[in-house]
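Chains as they are written, first to last, in our numbering: chain A, 1 to 136; chain B, 1 to 200; chain C, 1 to 280.
Worth flagging that the hints you see were computed from the coordinates, not collected in a lab.
One or more of the hints may lead you astray.
Said to hold, decoys possible - In the EDC-like style, the derived pairs of lysine to aspartate or glutamate whose C-alpha atoms are separated by at most 20 Å in a straight line are:
1) K173(B) <-> D92(A)
2) K95(B) <-> E190(B)
3) K173(B) <-> D168(C)
4) K95(B) <-> E220(C)
5) K145(B) <-> D187(B)
6) K98(B) <-> D187(B)
7) K145(B) <-> D168(C)
8) K95(B) <-> D187(B)
9) K173(B) <-> E166(C)
10) K98(B) <-> D71(B)
11) K42(B) <-> D134(A)
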Amino acid sequence: MAAVTGEVSWFCCGSAWGPCASTGRGACGTCTSGNFQHAWPNTSAACLAITRPDVCGTSLSRRTCGFTHYTTNLCNGARVGTAIADCGPQTDLFCGERACCGSACGTNRIIDLTPAAYSAIASLSTGLRPCSVDTV
Amino acid sequence: MANTMDRRRLLSTAVLGGAGIAGATALGSLAPEAAFAAEPVKIAPGAPDPNFAEGRVTSITGSVVLLAGSDGALHRIQVTNGTSIWKFQPTTFDKLTKGDGMYVRGVRLPDGTLAADSLWANIVNLTAHIASVGRNVLYLDHHGKRLIGHVVPGTTAAVYNGTPAISDVSLLKVGGHVQVIGAWHPDTNEISIATVYAAN
Amino acid sequence: MLQSLAALQSLLVGVVLIWSARIKLLDRRVAGQVGNSALGTLLGPERAVPAYRLLGGVELLLGVALVLPPAPVAEPVAATALAAGFVGYLWYARRVAPGASCGCLSAKATPVTGRSIGRAGVLALAGLFGVAAGGTYWLPALTGAPAASVGLLLAEAALIVALSPEFDSGWLLPLRRLRVRLTSPLRGGSGVPLLASVQQLQLSAAYRQVAALLTSDVREHWLEESWRMVCYSARYQGRPATAVFAVPAAEVAPDRVRVALVDDSTGATLVSLADPAYAS
Chain A
1 MAAVTGEVSW FCCGSAWGPC ASTGRGACGT CTSGNFQHAW PNTSAACLAI
51 TRPDVCGTSL SRRTCGFTHY TTNLCNGARV GTAIADCGPQ TDLFCGERAC
101 CGSACGTNRI IDLTPAAYSA IASLSTGLRP CSVDTV
Chain B
1 MANTMDRRRL LSTAVLGGAG IAGATALGSL APEAAFAAEP VKIAPGAPDP
51 NFAEGRVTSI TGSVVLLAGS DGALHRIQVT NGTSIWKFQP TTFDKLTKGD
101 GMYVRGVRLP DGTLAADSLW ANIVNLTAHI ASVGRNVLYL DHHGKRLIGH
151 VVPGTTAAVY NGTPAISDVS LLKVGGHVQV IGAWHPDTNE ISIATVYAAN
Chain C
1 MLQSLAALQS LLVGVVLIWS ARIKLLDRRV AGQVGNSALG TLLGPERAVP
51 AYRLLGGVEL LLGVALVLPP APVAEPVAAT ALAAGFVGYL WYARRVAPGA
101 SCGCLSAKAT PVTGRSIGRA GVLALAGLFG VAAGGTYWLP ALTGAPAASV
151 GLLLAEAALI VALSPEFDSG WLLPLRRLRV RLTSPLRGGS GVPLLASVQQ
201 LQLSAAYRQV AALLTSDVRE HWLEESWRMV CYSARYQGRP ATAVFAVPAA
251 EVAPDRVRVA LVDDSTGATL VSLADPAYAS
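Next up, chain A with everything else stripped away, as it sits in the complex (with noise of 0.2 Å):
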């Protein structure tokens, strides 16, 4: 897989505090805030069903639990391994959205960390970089 670029936020899970509460484990049952994981909107037809990445013109290979990919923060070169957990994020709701850093810019949401692996390459109050995600 080439390398896509986009945009990176990130979830809780793992039944934390607040209303992450209600989260539970993600779609895979292993989801952890601690942990190096991450949600990705094809891991079955039926996540692909609700993520919607190709209505906004984004094409994202099917990957199941467990597999990993590399998100490289756009802003500053840092770069975190994580393992799939659940399925997200729902790309369709924020199509054509665009975050830059300089001229590095992603369009459309396609990946989410988990706040230990989010938090190891850019900071939680952020929300929302440009990345570009690889799987080597």
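Following the hints, position chains B and C against chain A.
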């Protein structure tokens, strides 16, 4: 307070102090390529990160915060002058209280203590849709659950489809989808909204 | 009079059932979503779709039988039993699979709420009322007292719609939007939010040069004349330092963003960067 003012003056002078400013090109060692050679994160994908902790504050003693992780683990967090503290906005250590939920990133010391670089208290990031709007309040539908999001004029920022952040939240639409970065009010279904990202 | 109004209930319940069956049998989007509905959670995704279609078939048959003559009392009895079954299912689904979609009257994913349970309850009551008509067909009742009959049916239909979250976008959201337009309840501050300055500094060349040295989130910020100063912790050549950015407060000019790294222990300026064009 005087210390804060002195420190701020020192920092302001360093960055704005006219004559001392070197051109970016004069500092070869900070060329983008060099700066971008960041150390890759070495944790195995899928594994827990020892330099990260999550949980709720059970006690605060001196500059040490004890956290009860949602997985049952206990974390000892050492906060220093260099720790950034976020609680709805960048704030100070004395604003943290027992019961706060928190994410901490830092460096795990040999004795198991986590020396905090960044600490985020009660931070939540959720996608929802706006069910209704009241006086500086958004009633949010979050996976079928109702959340009350308070807009704090002057602090809450709105980003409309990737445009620069502004303070004006009046362009938000009832029924519209939003992503909200906010601070949870512990043990309630209420949050204070720091940033709201609105979709088209 | 009461008996003829009771007879009308079969028409109401029949139409609602046919509407509901239409979604379950004909809407293609539903097949993809049933797995995520409460039914999918309770039965498993594989069995959910056939079960959903079967339910649609039963609803259609019963709905058509209620609307068309003859009108044996068994029809409203069956409809009441089905509606009572819905109440039980929804109540159970809400407990077992909170937040899962109802899959009731629309292809739209709508969570099971008190309203959907209330709606099934109204249908069950209407069915029960229909049983009281004792096998009278609805058409003579309608033609016998057209104004009262149409009024009652409209009122009941309005109640069903009001209890259906699926139809909110058709009437409730426009009403709330109108209220927002009239009262403008959202008033953000004026001023430039901190995030706007952070976004601007992240667009700057100065930030890209020191980004990898930063170790914390924003530590503090303040306004200084036309600048917003934003501080991060940093590590430079093994020494703890503070990265202080000066960001133009009132304009968007990432080229003008400056940064200095100040040694935390000595207060000495380690590095100071500005775009050469603006350095003087």
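Hints versus structure:
no. : hint                : verdict
1   : K173(B) <-> D92(A)  : holds (17 Å)
2   : K95(B) <-> E190(B)  : holds (18 Å)
3   : K173(B) <-> D168(C) : holds (15 Å)
4   : K95(B) <-> E220(C)  : holds (14 Å)
5   : K145(B) <-> D187(B) : holds (15 Å)
6   : K98(B) <-> D187(B)  : holds (12 Å)
7   : K145(B) <-> D168(C) : holds (16 Å)
8   : K95(B) <-> D187(B)  : holds (17 Å)
9   : K173(B) <-> E166(C) : holds (19 Å)
10  : K98(B) <-> D71(B)   : holds (18 Å)
11  : K42(B) <-> D134(A)  : holds (17 Å)
Consistency with the previously given hints is maintained throughout, with no hint failing.
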